[in-house]
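> As a plain string of letters, each chain reads:
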Amino acid sequence: MPSAVKHTLFILLPLIVVFAVLPGVYQNHLLLFNFVIFLTLAQGVNIIYGFTGYLPFGYVGFFGAGAYGFAIMVMHLQSPALPAVLVAGIVGVLLGLLLTPLLRLSGAYFAIANLAASLAVLHFVANPALESITKGPYGVSLTGTFNPTLAYSSALAVLALTLVGVVYLKNSGFGLALQAVREDAVSAAMAGVNVVKMRVIAWLVSALVAGLAGGIYAWYVSVFYPDNVFSGEFSIFAIVFALFGGVATITGPIVGVIILYGIYNLIGFTTPQYFQLIYGLLIMGLVLFLPAGLVSLATRRGWHVP
Amino acid sequence: MLTYALVAGVLFGLYFSLVGIGLNLVFGVMRIVNLAHGDTLMLGAFIALGVVALFGIDPLFAVPLAFVIFVLAGLLLYWVLVPRLQGSANPEMLSIILFFGLSQVVEAITTIFAGTSERSIQSRLLGTVFTTIKVRWFGGKPGAAGPIHIMGQGFPAPWVIAAATSLIAIALVYLYLYRTRLGTLTRAVMSRRDEALATGIDVDRVSAAAFGIGLGLAAVAGVFAPFMFGSVTPAFGADATVTSFAIVVLGSLGNPLGTALGGIVYGVCYMLVQTYLSSWADLLPYVLLILILLLRPSGLLGRRVRVA
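Chains as they are written, first to last, in this note's numbering: chain A, 1 to 306; chain B, 307 to 614.
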């Protein structure tokens, strides 16, 4: 059996089935929905950071842009929800295209520029001068399209598509080429890899994933403010979850989300400051003691982790 | 109005240079992105608040105190965090995440002890030491210092004092880098870390010093933050970090004079936008940062640096 089929059968399918069945058993649907969103975002970060080495510190920019793309479609064009979600994805890709010049930067420069870009989009959207279009800082309310069940299914579909993408990256020459570019762009170019094209494709796919997730998030919550959907927590959580599990693998980000977001929800209801403290310490511990993620515990012993 | 905006821009700009210069040292020497830079500023502000609340004296006395405390804290932090970080596969990226974690910890601890309310210091307290000296030595009436007049416009005294302190601090950094042995070594490490190591420079010692001084300068800038920004909260750090980055990148890495220039350009832009287009002023640091990174990644005064 080729490994792509194996990965689809034993990782992707069980995960989707579990999350499809859980709403019938478990009552807290919002929590399940957030799990699906973070699984998607963590895999989106995995695509760009894991396979190309660019750290998208402002990843939430695409997410928020998607959410506002959805909101504007619904508010101004009275569009039904599903086409609006597609537009959200397109808005994500367009923002990604707009930001492709950032890929010329490397290392920390890219991360900081990306962070600045996401904040610029936030301040742009939240600007009172644009109240007639985005409702500025006063937030949007989309009660007309409210349909949590369908939104949850769509989120699951996007997660499945994202996972298919990651399985493809993990098992294809394209993914291998990306990782070669990540390790040494010059050598990869010498070996005939089209470095720029590869990076741009990965970047846009990653933006698409976040845009779609943002649109579905807007659909599900239906009332939100710019600060909610552009909250830096989305970027940070997605990065930390992916990193905690281990990037450039299929299972790493999944494990990361389930463990860390699980812990988050177990302890997250007490005083926020204590939570922030624990979280900060956890992040520092992760970088200092387990920089390659949980999967490195297995790979160090020579086990193969998909 | 234009003169006011320009002079205020230069005053703010000098202060912004001080805000950014510590970050410049740390990133230039170690290639470490200190995302907790803004939180150091915030802690510096809280030292000033503490000095005023406990002793009721001029917050200027908090300047040396904050500097010494944070140089020591920086040295300690360096030895705890950095060698481990440098040993990992991708220290530059991981440093972003590591120092983000640190900034969360700092913010959380400050919130636990100080609460989330906005805090400020009465601006007439700053500089009372000068008026006291003036009264003692030259006679005259004690009283609050009024606005200081420059080119026919009145500016709040704290702005001028902060700008003057920044100017002195930048001059000292310049002397340190170009007139002392450790400073020369620091510049060597900045330009080529590997070669510096190969010529037998104790890179760790130099880096630790730069890290300590960087944090110290940030804390000094923080002392003036309550006056320049009106008030501070424990969450003030995150925005300050991005602004500092804009300033540092605008100038250039590894060049303190570049940061001074970047700060002034930033300050003047900021004041002009505030005056003429105030609702878009929030966008400025981010847009400026992206434009500069794309058009001239080496900054206004810089050599060519790395572009992928």
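Hints are computed from structural coordinates only; laboratory data are not their basis. Check each hint, because a few of them may be wrong.
The calculated label-pair distances, taken between Cβ atoms and stated as ranges, are [to be verified]:
#1 A:197 <-> B:545: 53 to 63 Å
#2 A:172 <-> B:487: 54 to 64 Å
#3 A:173 <-> B:487: 49 to 59 Å
#4 A:144 <-> B:396: 43 to 53 Å
#5 B:363 <-> A:281: 52 to 62 Å
Interface residues of chain A toward chain B, partial, derived using beta-carbon atoms under 10 Å [claimed, not checked]:
#6 97
#7 108
#8 109
#9 128
#10 239
#11 240
#12 262
#13 266
#14 267
#15 272
Where is the CB? At the ideal position from N, CA and C, for every residue including glycine.
> Looking back at the numbered hints, which does the structure fail to meet, lowest number first?
As far as the earlier hints go, 1, 5, 6, 12, 13, 14 are violated by this structure, in ascending order.
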